[in-house]
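Undergrad: So the sequences go chain by chain: A and B. Everything in the first sequence is counted per the UniProt record's numbering, starting at 1 for the first residue and increasing by one. Everything in the second sequence is counted per the UniProt record's numbering, starting at 1 for the first residue and increasing by one.
Hints listed in this document are in silico derivations from the structure and should not be mistaken for laboratory results. Any given hint could be a false lead.
[As the list claims (entries may be wrong)] Taking beta-carbon pairs under 7 Å as the criterion, some of the chain B residues facing chain A (in silico):
id: 1; residue: Gly71
id: 2; residue: Ile100
id: 3; residue: Ile102
id: 4; residue: Arg127
id: 5; residue: Ala128
id: 6; residue: Lys136
id: 7; residue: Asn138
id: 8; residue: Ile154
[Stated by the list, open to error] Just a few of them, taken from the derived set where beta-carbon distance is under 8 Å, the chain B residues facing chain A:
id: 9; residue: Gly58
id: 10; residue: Tyr150
id: 11; residue: Val208
Note that the coordinates shown come from a computational prediction; the quantities given were computed from them, not determined experimentally. All C-beta atoms in this analysis are idealised placements derived from N, C-alpha and C, irrespective of residue type, glycine included.
Residues per chain, in single letters:
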Amino acid sequence: MSKTTEQVRKSLAKRYRAERRFKAFGVGAIGFGLLALVLLFTDIIGKGHSAFFETYVKMEVTFDQDTLDISDVRDEEQLNFANYDGVIRNALREEFPSASGRQEKRELYSLISTGAGYELRDLLKDDPSLMGKSITLWLLADDDVDVYVKSAQDDRLESRLSDNQKSWIESLEAQDRVELQWNQSLFTHGDSREPELAGIWGAVTGSFFTMLVTLILSFPIGVAAAIYLEEFAPKNKFTDFIEVNINNLAAVPSIIFGLLGLAVIIGLFGLPRSVPVVGGIVLTLMTLPTIIISSRAAIKAVPPSIREAAMGLGASKMQVVLHHVLPLALPGMLTGAIIGMAQALGETAPLLMIGMVAFIVDVPGGPLDPSTVLPVQIYLWADSPEQSFVALTSAAIMVLLSFLIAMNTLAVFLRKRLERRW
Amino acid sequence: MDTAEKFDDKAPGNMKLADQIEGEQAMDETIRYPDQTVGTPYVDNPKMRMRDVEVFYGEKQAIHGVSLDIGKNEVVALIGPSGCGKSTFLRCLNRMNDTIDICQVKGNLHLEDQDLYDPKLDVVELRARVGMVFQKPNPFPKSIYDNVAYGPRIHGLANKKYDLDEIVETSLQKAGLWNEVKDRLHSPGTGLSGGQQQRLCIARTIAVSPEVVLMDEPCSALDPIATAKIEELIAELSESYTIAIVTHSMQQAARVSNRTAYFHLGRLVEMNDTDTVFTKPEHDLTEAYITGRFG
Numbered sequence: 001m002s003k004t005t006e007q008v009r010k011s012l013a014k015r016y017r018a019e020r021r022f023k024a025f026g027v028g029a030i031g032f033g034l035l036a037l038v039l040l041f042t043d044i045i046g047k048g049h050s051a052f053f054e055t056y057v058k059m060e061v062t063f064d065q066d067t068l069d070i071s072d073v074r075d076e077e078q079l080n081f082a083n084y085d086g087v088i089r090n091a092l093r094e095e096f097p098s099a100s101g102r103q104e105k106r107e108l109y110s111l112i113s114t115g116a117g118y119e120l121r122d123l124l125k126d127d128p129s130l131m132g133k134s135i136t137l138w139l140l141a142d143d144d145v146d147v148y149v150k151s152a153q154d155d156r157l158e159s160r161l162s163d164n165q166k167s168w169i170e171s172l173e174a175q176d177r178v179e180l181q182w183n184q185s186l187f188t189h190g191d192s193r194e195p196e197l198a199g200i201w202g203a204v205t206g207s208f209f210t211m212l213v214t215l216i217l218s219f220p221i222g223v224a225a226a227i228y229l230e231e232f233a234p235k236n237k238f239t240d241f242i243e244v245n246i247n248n249l250a251a252v253p254s255i256i257f258g259l260l261g262l263a264v265i266i267g268l269f270g271l272p273r274s275v276p277v278v279g280g281i282v283l284t285l286m287t288l289p290t291i292i293i294s295s296r297a298a299i300k301a302v303p304p305s306i307r308e309a310a311m312g313l314g315a316s317k318m319q320v321v322l323h324h325v326l327p328l329a330l331p332g333m334l335t336g337a338i339i340g341m342a343q344a345l346g347e348t349a350p351l352l353m354i355g356m357v358a359f360i361v362d363v364p365g366g367p368l369d370p371s372t373v374l375p376v377q378i379y380l381w382a383d384s385p386e387q388s389f390v391a392l393t394s395a396a397i398m399v400l401l402s403f404l405i406a407m408n409t410l411a412v413f414l415r416k417r418l419e420r421r422w
Numbered sequence: 001m002d003t004a005e006k007f008d009d010k011a012p013g014n015m016k017l018a019d020q021i022e023g024e025q026a027m028d029e030t031i032r033y034p035d036q037t038v039g040t041p042y043v044d045n046p047k048m049r050m051r052d053v054e055v056f057y058g059e060k061q062a063i064h065g066v067s068l069d070i071g072k073n074e075v076v077a078l079i080g081p082s083g084c085g086k087s088t089f090l091r092c093l094n095r096m097n098d099t100i101d102i103c104q105v106k107g108n109l110h111l112e113d114q115d116l117y118d119p120k121l122d123v124v125e126l127r128a129r130v131g132m133v134f135q136k137p138n139p140f141p142k143s144i145y146d147n148v149a150y151g152p153r154i155h156g157l158a159n160k161k162y163d164l165d166e167i168v169e170t171s172l173q174k175a176g177l178w179n180e181v182k183d184r185l186h187s188p189g190t191g192l193s194g195g196q197q198q199r200l201c202i203a204r205t206i207a208v209s210p211e212v213v214l215m216d217e218p219c220s221a222l223d224p225i226a227t228a229k230i231e232e233l234i235a236e237l238s239e240s241y242t243i244a245i246v247t248h249s250m251q252q253a254a255r256v257s258n259r260t261a262y263f264h265l266g267r268l269v270e271m272n273d274t275d276t277v278f279t280k281p282e283h284d285l286t287e288a289y290i291t292g293r294f295g
């Protein structure tokens, strides 16, 4: 064996060891990442899954005309303001006649959600002939009851409910009159002080309008800026300066953009607070650097041979860009835009500054209605004392995460779909 | 990343080669440089007339006072060692060097009576008259039909679909590609083989009916069979077009061209009839190159 071969063999073993070591580090890093992800998801799903179902209690309710205080069943006004809570209270008193005294009665009445009356109103509106009749209904339970019903036997001891309430619920449970049903209000309602009535629909529409404004503003501006900088701008000190500052902008903490929005857009231009338009403008400022940087990378990746070919045929600069560079760079630009939008969707801090953190019950009807957004809703609920909001917070996180995953999947799909080979 | 590098290779790459040449120059000191191009660089009634062309990349001078004519329907081959400036010179002829910021062109360049570097001249118009085929086949990532139809479309050469179809068909026929692709005109041009792609690029170039076709090493990325086809094609095309071709293959220059120009270190050393250049070169540098002593 020659000396060289010997040396090579020795160093080979060393090289292979280095390679194996590197591989092990890589696997370790990915494993750690996956573990963190799994922990996050199990925690969120474990806490949040129960929020998708709510406790309902079966009751026999009598639409008593006197209690309701309705003289004419066709009068919309009277139907809207009738005393449905009274009817429910009657039903509860009938069910548990043992409750006596103000304190016990209040405890009894608080078993059913304050929102249950709306259900009765809707029933009566749909079918006025129910007046005076008794029907059996599933009524939405209060959030404390909900927590009690959902918790395991051991945890029930720690419940906030009084002993009386516990015994009432247990007697109802014994009669199979307590049931978990799909939480419709979570996906149809805006925010509420009552956890059993609170929903994310208001925040979802708010997020939608905010994202819409962000997309409409940031994508065209970002792409136009990228094309100008890559294709038309002269290479000089000034464009270098602009480039450095775009990169700087990407690193500015997002809350600064919120302060800017508050001072300039709301303060100077007088746009209203808490509206998706202002949120969208602020998030546009935040998203622009991401879109510009990724669009420029996409333009740079277009093979120069394609540019030369088009120019050699006599295409003008604009034609080269519109006919060749842009179509080839578009998948990359879209990917960048979607990733930027996903970032914006999860952004909270700047929106706090412009007042999108307000307690808003109504679902916004347009980008000029006061609203909040999903991450801010999560922040608000995480801050609320009621125990049910813990599960709601996690449920809202799950919804937000599924939107983000959907957007990132779309980005991957678009890239695969539009990517052309040359 | 890869493509960004490619984009830059025209400018700094050439400068690197220029450094290399300075080293070579010392080696060749035994052979004296001509003060003037030897041979017959000028013809009567030329299609293109270039006088005292100088090209600078920033501070570096890539071409020193080159003067030559390209006659009508003539095939002129530009040969010379790597980095001698032949590609740079070719790219001056349809102002492709404009895209390189640091590149500066001086001298008189005329296409018939048109000054190529007249500031009033629209470069788009010039490139419609002087087409170019590149070293690497570069079809657009579109269908074969759209590749050929692109030029006529942007110049508005065909108003009706029928006219456009005809242009596409005749161009592909002239490029000798029609029979191979007529059944799949709407499949992507990038799906063709390398040689077919290059012929597609030639079809695309002649679809705008240019007067001059510039070819920058059109066969360097092709196998011998595809090369032979392109060479045949060049001979056919010379009947209707004026062609200037840069090539590294001396055999190719000998086969396809009427006249050959030998470039060395940014200077035009000799230009003569192709036969003369390859059989009795007038200058020692030319002889050294064609006999393979360097390059």
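Undergrad: If a hint holds in the structure, say so; if it does not, say that too.
TA: Hint check results:
no.	hint	result
1	Gly71	violated (23 Å)
2	Ile100	violated (11 Å)
3	Ile102	violated (10 Å)
4	Arg127	holds (4 Å)
5	Ala128	holds (4 Å)
6	Lys136	holds (6 Å)
7	Asn138	holds (4 Å)
8	Ile154	holds (5 Å)
9	Gly58	violated (13 Å)
10	Tyr150	holds (6 Å)
11	Val208	holds (6 Å)
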